[in-house]
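Chains as they are written, first to last, in this note's numbering: chain V, 724 to 818; chain Y, 31 to 517.
If you are wondering where the hints come from, they were derived from the structure by calculation, not from laboratory data. Keep in mind that a hint or two might mislead.
[Stated by the list, open to error] Here are the computed distance ranges between Cβ atoms for each label pair:
1) Gly809/V - Asn478/Y: 37 to 45 Å
2) Ile798/V - Ser512/Y: 42 to 50 Å
3) Glu325/Y - Gln755/V: 36 to 44 Å
4) Asn766/V - Lys446/Y: 46 to 54 Å
5) Gly809/V - Glu86/Y: 37 to 45 Å
6) Ser801/V - Gly299/Y: 50 to 58 Å
7) Lys290/Y - Thr780/V: 18 to 26 Å
[Unchecked claim] Computed list of lysine-lysine pairs in DSSO-like fashion (alpha-carbon distance at most 30 Å, straight line):
8) Lys489/Y - Lys748/V
9) Lys747/V - Lys266/Y
10) Lys747/V - Lys169/Y
11) Lys763/V - Lys130/Y
12) Lys266/Y - Lys791/V
13) Lys169/Y - Lys791/V
14) Lys169/Y - Lys739/V
15) Lys266/Y - Lys287/Y
16) Lys747/V - Lys403/Y
17) Lys169/Y - Lys748/V
18) Lys367/Y - Lys739/V
19) Lys489/Y - Lys739/V
20) Lys358/Y - Lys789/V
21) Lys763/V - Lys280/Y
22) Lys364/Y - Lys747/V
23) Lys280/Y - Lys739/V
24) Lys358/Y - Lys739/V
25) Lys446/Y - Lys763/V
26) Lys170/Y - Lys739/V
27) Lys406/Y - Lys747/V
28) Lys747/V - Lys170/Y
29) Lys748/V - Lys424/Y
30) Lys747/V - Lys280/Y
31) Lys364/Y - Lys739/V
32) Lys170/Y - Lys789/V
33) Lys364/Y - Lys748/V
34) Lys446/Y - Lys747/V
The structure displayed is predicted, hence computed values, not measured ones. The C-beta atom is built at its ideal place from N, Cα and C for all residues, glycine as well.
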Amino acid sequence: MNITENTIELLADLCKIYLSDEEKKDMLTSIQSTVECMDKLSNVDTSNIEPLEHIVTFVNVFREDKVKESMERNIILSNAPQHEDGCYVVPRVVD
Amino acid sequence: MELYELTIKQLSDMLKKKQISAVEVTRSVLDRIDKLEPALGCYITIVAEKALQDAENVQKDIDNGTLRSPLAGIPMAVKDNICTEGIPTTCASKMLSNFKPPYNATVIRKLYDNGAILLGKLNMDEFAMGSSTETSYFKKTRNPWNVERVPGGSSGGSAAAVASGEAIYSLASDTGGSLRQPASFCGVVGLKPTYGSVSRYGLIACASSFDQIGPITKDVTDCALVLNAITGRDEKDSTSANIEHPDYTKFLINDVKGLKIGIASEFIGDLLDKEVQKAFIDAVDVLKKLGAECEEISLPSLKNALPVYCILAFAEASSNLGRYDGVKYGYRAKEYKDLEDMYRRTRSEGFGPEVKRRILLGTYALSAEQYDKYYKKALQVRRMICDEFNDAFKKYDIILYPTTPDTAFKFGTMTKEPMQMYKHDILTMPANIAGLPAITVPCGFDSNNLPVGLQMLSKPFGEGKLLQAAYTFEQNTEFRNSRPCLS
Numbered sequence: 724m725n726i727t728e729n730t731i732e733l734l735a736d737l738c739k740i741y742l743s744d745e746e747k748k749d750m751l752t753s754i755q756s757t758v759e760c761m762d763k764l765s766n767v768d769t770s771n772i773e774p775l776e777h778i779v780t781f782v783n784v785f786r787e788d789k790v791k792e793s794m795e796r797n798i799i800l801s802n803a804p805q806h807e808d809g810c811y812v813v814p815r816v817v818d
Numbered sequence: 031m032e033l034y035e036l037t038i039k040q041l042s043d044m045l046k047k048k049q050i051s052a053v054e055v056t057r058s059v060l061d062r063i064d065k066l067e068p069a070l071g072c073y074i075t076i077v078a079e080k081a082l083q084d085a086e087n088v089q090k091d092i093d094n095g096t097l098r099s100p101l102a103g104i105p106m107a108v109k110d111n112i113c114t115e116g117i118p119t120t121c122a123s124k125m126l127s128n129f130k131p132p133y134n135a136t137v138i139r140k141l142y143d144n145g146a147i148l149l150g151k152l153n154m155d156e157f158a159m160g161s162s163t164e165t166s167y168f169k170k171t172r173n174p175w176n177v178e179r180v181p182g183g184s185s186g187g188s189a190a191a192v193a194s195g196e197a198i199y200s201l202a203s204d205t206g207g208s209l210r211q212p213a214s215f216c217g218v219v220g221l222k223p224t225y226g227s228v229s230r231y232g233l234i235a236c237a238s239s240f241d242q243i244g245p246i247t248k249d250v251t252d253c254a255l256v257l258n259a260i261t262g263r264d265e266k267d268s269t270s271a272n273i274e275h276p277d278y279t280k281f282l283i284n285d286v287k288g289l290k291i292g293i294a295s296e297f298i299g300d301l302l303d304k305e306v307q308k309a310f311i312d313a314v315d316v317l318k319k320l321g322a323e324c325e326e327i328s329l330p331s332l333k334n335a336l337p338v339y340c341i342l343a344f345a346e347a348s349s350n351l352g353r354y355d356g357v358k359y360g361y362r363a364k365e366y367k368d369l370e371d372m373y374r375r376t377r378s379e380g381f382g383p384e385v386k387r388r389i390l391l392g393t394y395a396l397s398a399e400q401y402d403k404y405y406k407k408a409l410q411v412r413r414m415i416c417d418e419f420n421d422a423f424k425k426y427d428i429i430l431y432p433t434t435p436d437t438a439f440k441f442g443t444m445t446k447e448p449m450q451m452y453k454h455d456i457l458t459m460p461a462n463i464a465g466l467p468a469i470t471v472p473c474g475f476d477s478n479n480l481p482v483g484l485q486m487l488s489k490p491f492g493e494g495k496l497l498q499a500a501y502t503f504e505q506n507t508e509f510r511n512s513r514p515c516l517s
């Protein structure tokens with residue numbers, strides 16, 4: 724698939740990012756050249772090769788399912804851009 | 031010699047003999063920071079008062095015998111993507127410019143338990159995406175060997191601080207070479223441990239199956255000392271290995287006789303700058319003369335490392351960075367129409383161009399239409415690369431090649447063409463793809479007096495062998511004694 728300005732716009736939309744016209748132009752060139760590099764894998768014969776999902780081969784380590792104290796709410800909220808009454812504040816979601 | 035010039039081992043011995051105090055060492059490094067920081071720009075945040083207070087407290091514990099760790103009282107600094115409770119942790123991004131973590135990363139807790147003195151947080155490429163520290167939202171970091179050159183990246187601040195004496199040692203993270211490449215560019219030692227050796231709890235994720243925290247130090251001995259402190263199983267990181275780690279200082283043995291070293295033929299020759307090639311060949315000769323058995327081997331799958339890395343690391347990053355939405359923490363756009371617009375404006379204003387590029391590329395590779403062609407294919411080739419390494423390590427103890435294709439480049443030379451920047455990490459990516467431990471040690475200088483790094487890889491959890499080989503090389507060459515001339 725060719726990377727066009729439409730592709731860039733579609734991707735930006737999926738990523739929830741606005742791009743200026745200049746950014747789109749820059750992205751188009753650099754993304755095209757990176758995708759060209761990624762395309763090189765098409766020439767690799769991977770028949771009968773299982774995808775490697777995890778590079779670590781350890782088995783699961785289980786622990787007891789115990790209730791522990793968690794971090795205090797006000798400490799967590801202290802990093803929020805906006806909070807009120809112990810909750811995050813966001814723009815209205817439901818009309 | 032000034033205290034800031036010394037190693038952990040030297041300072042620790044002096045502290046034990048009560049020849050110096052932790053406060054004196056900390057002051058010496060803080061004075062060095064005051065002097066050089068305007069020219070080098072290693073730090074995003076400096077916590078001088080806290081450092082001096084901690085040094086005073088640690089000295090009491092050293093004096094009363096409750097703290098015996100070789101790291102006790104030694105001032106250090108960490109890359110700004112490692113969470114430090116109450117101290118800004120920005121990832122060098124506008125997105126996290128006001129973020130103060132409510133907890134310490136496991137590595138920070140471990141270092142504090144060992145009596146380490148935190149000086150501050152080090153500059154990096156934004157969200158660890160870059161190879162020159164030029165994508166930092168805050169500042170440029172300059173290479174102490176030549177301030178017209180980049181320090182490498184993404185951990186440019188971590189490497190430049192150690193090379194210049196602005197920290198005795200540092201912690202950095204390595205996703206595709208982010209620790210080793212700057213260590214090489216700045217003429218210091220850097221070790222990326224085996225994936226799972228060091229807990230990633232509190233490391234702000236870039237590409238989770240590639241990321242690993244490791245030390246940057248002035249020599250291999252210090253590297254073993256820091257590794258002893260930071261490795262180990264952590265129930266807060268389910269990918270941390272449930273194994274018994276040895277005392278890594280036991281591997282500081284000056285002997286490589288009979289050590290089997292494979293030199294990856296794919297990574298020597300035309301790919302390398304001529305002077306890097308020469309320094310590498312000389313380094314191989316040193317190891318041969320010391321009794322190592324070196325021979326060329328072929329690892330043909332390594333030529334696919336770059337596309338595999340671009341697909342998988344960017345895919346993981348795009349997914350990891352989905353969390354930055356202006357709700358729970360981090361930057362939020364000032365003006366917006368509704369929730370959706372807030373998300374979009376926050377992400378558009380909060381992320382820099384390289385981060386946006388990788389989010390777009392990763393999303394492309396993961397999109398339903400392209401998934402099999404890119405993501406699944408890259409996972410298959412990742413297995414081929416791992417299998418090839420596993421086969422090689424049946425015969426060889428160490429695989430050797432340079433850390434970088436050339437030495438530190440000038441500012442702005444690669445920012446226009448991101449693909450050139452990605453290609454620059456071609457020699458460091460394979461260790462992350464296969465989760466292997468890898469170390470870089472200085473092995474020479476080019477005609478511009480810029481350091482060259484020698485890279486050694488070993489099988490998973492083979493850090494001991496790496497340290498032994500690197501230590502032997504270091505003890506039989508003079509490069510560890512070279513430091514940049516900084517007035």
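*Checking against the hints above, which ones are violated?*
The structure breaks hints 1, 4, 8, 9, 11, 13, 15, 19, 21, 23, 29, 30 and 32; every other hint is satisfied.
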